[in-house]
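Whenever a hint applies, use it, and build me the whole structure from the sequences.
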Amino acid sequence: MESLKSFEELKCWQEAIVLRKLIKSFLESLPKVEEYKLKDQIVRCSTSVTNNIAEGYGRFNFQENIQFCRISRGSLYELIDHFLIAVEENYISQNEFESIKLQIDKF
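First residue of the sequence shown: 1, per my numbering; consecutive thereafter.
Worth flagging that the hints you see were computed from the coordinates, not collected in a lab.
One should not assume that every hint holds.
Keeping only pairs whose Cα atoms sit at most 35 angstroms apart, straight-line, the calculated DSBU-like set for lysine-lysine is [to be verified]: (1) K39 with K101; (2) K37 with K11; (3) K39 with K106; (4) K101 with K32; (5) K5 with K39; (6) K37 with K24; (7) K11 with K106; (8) K39 with K24; (9) K24 with K101; (10) K101 with K11; (11) K21 with K101; (12) K5 with K32; (13) K5 with K101; (14) K5 with K21; (15) K11 with K24; (16) K106 with K32; (17) K11 with K21; (18) K39 with K21; (19) K106 with K37; (20) K21 with K106.
No experiment lies behind these values; they were computed from the predicted model shown.
Put into structure tokens, the structure is as follows:
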């Protein structure tokens with residue numbers, strides 16, 4: 001098995017980038033009133049996923065890496081909750097939510 005040279009080679013990090021790109025168009029469609037509320041929370045969560053994967057990779061300690069992956073997973077579940085709120089507020093459709101959740105479930 002070949003050793004990874006960078007966190008950028010990790011499949012989970014790559015899928016998190018796909019997720020960020022997927023939700024970017026949704027963020028642009030949010031009403032102005034959500035600019036510093038829901039939108040800000042979603043941006044923070046989506047970047048937290050990739051940030052924690054990268055930081056865990058850089059720790060070179062298995063147990064620390066696991067902890068950062070757990071934090072990343074927590075951010076993914078927080079994203080699901082934010083998108084459920086978006087459905088409740090009629091910012092996105094159930095189908096849009098399902099496509100976002102499908103990407104999150106890849107983790």
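What hint numbers does the structure not satisfy? Those not satisfied come down to hint 12.
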